[in-house]
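S.K.: Sequence:
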Amino acid sequence: MKWPPPSSDDNSGRIRRFTECVRSGELFTAEVLLSPEVLFPTVVLTSGTLAAIYFYSHYVRRIPMTSEIYPSFFRRRSLFGTVTSVGDGDNFRLFHTPGGRLMGWGWMPGRKVPTVKKGLRDVTVIHPLRSGKPEGLIGVLQLHVRLAGIDAPECAHFGKTAQPGSSEALAWLRNYILSHRVRAYIYRRDQYERVVASVKVRKGLFRRDVGLEMLKAGMATVYESKMGAEFGSLEKRYREAEAVARRQRIGIWALSKKQFISPGAYKKGLRERGL
Numbered sequence: 003m004k005w006p007p008p009s010s011d012d013n014s015g016r017i018r019r020f021t022e023c024v025r026s027g028e029l030f031t032a033e034v035l036l037s038p039e040v041l042f043p044t045v046v047l048t049s050g051t052l053a054a055i056y057f058y059s060h061y062v063r064r065i066p067m068t069s070e071i072y073p074s075f076f077r078r079r080s081l082f083g084t085v086t087s088v089g090d091g092d093n094f095r096l097f098h099t100p101g102g103r104l105m106g107w108g109w110m111p112g113r114k115v116p117t118v119k120k121g122l123r124d125v126t127v128i129h130p131l132r133s134g135k136p137e138g139l140i141g142v143l144q145l146h147v148r149l150a151g152i153d154a155p156e157c158a159h160f161g162k163t164a165q166p167g168s169s170e171a172l173a174w175l176r177n178y179i180l181s182h183r184v185r186a187y188i189y190r191r192d193q194y195e196r197v198v199a200s201v202k203v204r205k206g207l208f209r210r211d212v213g214l215e216m217l218k219a220g221m222a223t224v225y226e227s228k229m230g231a232e233f234g235s236l237e238k239r240y241r242e243a244e245a246v247a248r249r250q251r252i253g254i255w256a257l258s259k260k261q262f263i264s265p266g267a268y269k270k271g272l273r274e275r276g277l
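In this note's numbering, the protein residues as written are 3 to 277.
Since the hints were derived computationally from the structure, they do not count as laboratory data. Don't take every hint at face value.
[As the list claims (entries may be wrong)] Per label pair, the in silico range of CB-to-CB distance:
id : residue 1 : residue 2 : range
1  : R248      : T117      : 34 to 44 Å
2  : R176      : F75       : 25 to 35 Å
3  : M105      : L47       : 17 to 27 Å
4  : S49       : A267      : 50 to 60 Å
5  : F160      : L207      : 34 to 44 Å
[To be verified] Once the Cα atoms are required to be at most 20 Å apart in a straight line, the calculated EDC-like pairs of lysine to aspartate or glutamate come out as:
id : residue 1 : residue 2
6  : K228      : E274
7  : K270      : D192
8  : K259      : E170
9  : K205      : E215
10 : K202      : E244
11 : K202      : D90
12 : K269      : D90
13 : K202      : E232
14 : K202      : E215
15 : K228      : E242
16 : K259      : E226
17 : K162      : D90
18 : K202      : E242
19 : K269      : E226
20 : K260      : E170
21 : K270      : E232
22 : K269      : E232
23 : K269      : D192
24 : K238      : E226
25 : K259      : E244
26 : K238      : E215
27 : K270      : E226
28 : K269      : E170
29 : K269      : E195
Small disclaimer: the values here were computed from a predicted structure and weren't measured. Every residue, glycine too, gets a C-beta built ideally from N, C-alpha and C.
I would like the entire structure built from these sequences, with the hints used as guidance.
M.R.: In structure tokens form, the structure reads like this:
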């Protein structure tokens, strides 16, 4: 019996011949399996399935935390999401919303961004500090993002005192990005399991680089450490913005010489004291 069986308008005849091929084992011979009539639909179906899986995993799947970012994403991809909290002058929590409104985020049932503490509590855990007191709600299902290329004054945490200018920098960043949708151009993970990224937020008709705007406002310095610095293509603009803010003595540059210490020097001093 040859495959495919002779054409016929009689459906019962087709079924009968197909059944005979299955029983005789002729349907599963190499000749039949490699025939264009069988091979082409199989290839199309398999390719379509693999393409759908790839598209979902790379463009639709919500990334709940930094450890689940594929290594191939770094320096090649960006992540879009909503800022749910700002804990320091240069880092924040991002609720990843792949595809944004086009994929239903914000209006489709089941695709809501948590906006209140109760909603965030359902998807977070308490992170204990060395002092034994909780820092607050740390998002298991949120990304911890560190702004690339800048350093803001350190807030009080881990038993350390707040650096002068830290509360102003924190307030500035909260006002600028909290509850806003942002796009993070990711570079790498750091030692604290944060994702280091250049971040842009839409203000009016334009998208603004958050790190650059902080430097312009005098709320941060250019990242001073030679190890782990990430700027993308913005290092020159960052240094120019810092120089202008310093000349104008705005933000942290308005502090007296006795009060001012750069975030990099402050952290270096803490390390030297074993803190």
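S.K.: If a hint holds in the structure, say so; if it does not, say that too.
M.R.: Evaluated hints:
1. R248 x T117: 34 to 44 Å: holds (37 Å)
2. R176 x F75: 25 to 35 Å: holds (27 Å)
3. M105 x L47: 17 to 27 Å: holds (25 Å)
4. S49 x A267: 50 to 60 Å: Holds - the Cβ-Cβ distance for S49 and A267, about 57 Å, lies within 50 to 60 Å.
5. F160 x L207: 34 to 44 Å: holds (41 Å)
6. K228 x E274: holds (17 Å)
7. K270 x D192: holds (17 Å)
8. K259 x E170: holds (18 Å)
9. K205 x E215: holds (11 Å)
10. K202 x E244: Given pair K202, E244 holds - Cα atoms ~18 Å apart, limit 20 Å.
11. K202 x D90: holds (18 Å)
12. K269 x D90: It holds: about 14 Å lies between the C-alpha atoms, which stays within 20 Å.
13. K202 x E232: At roughly 15 Å apart (the allowed maximum being 20 Å), E232 and K202 satisfy the hint.
14. K202 x E215: Distance of about 10 Å is within 20 Å: holds.
15. K228 x E242: It holds: about 18 Å lies between the C-alpha atoms, which stays within 20 Å.
16. K259 x E226: holds (19 Å)
17. K162 x D90: holds (13 Å)
18. K202 x E242: holds (19 Å)
19. K269 x E226: holds (11 Å)
20. K260 x E170: Between K260 and E170 the Cα gap is close to 18 Å, so the pair holds against 20 Å.
21. K270 x E232: It holds: about 19 Å lies between the C-alpha atoms, which stays within 20 Å.
22. K269 x E232: Within the cut-off at roughly 18 Å; holds.
23. K269 x D192: holds (16 Å)
24. K238 x E226: holds (14 Å)
25. K259 x E244: holds (17 Å)
26. K238 x E215: At roughly 14 Å apart (the allowed maximum being 20 Å), E215 and K238 satisfy the hint.
27. K270 x E226: holds (11 Å)
28. K269 x E170: Within the cut-off at roughly 18 Å; holds.
29. K269 x E195: Holds, at roughly 18 Å.
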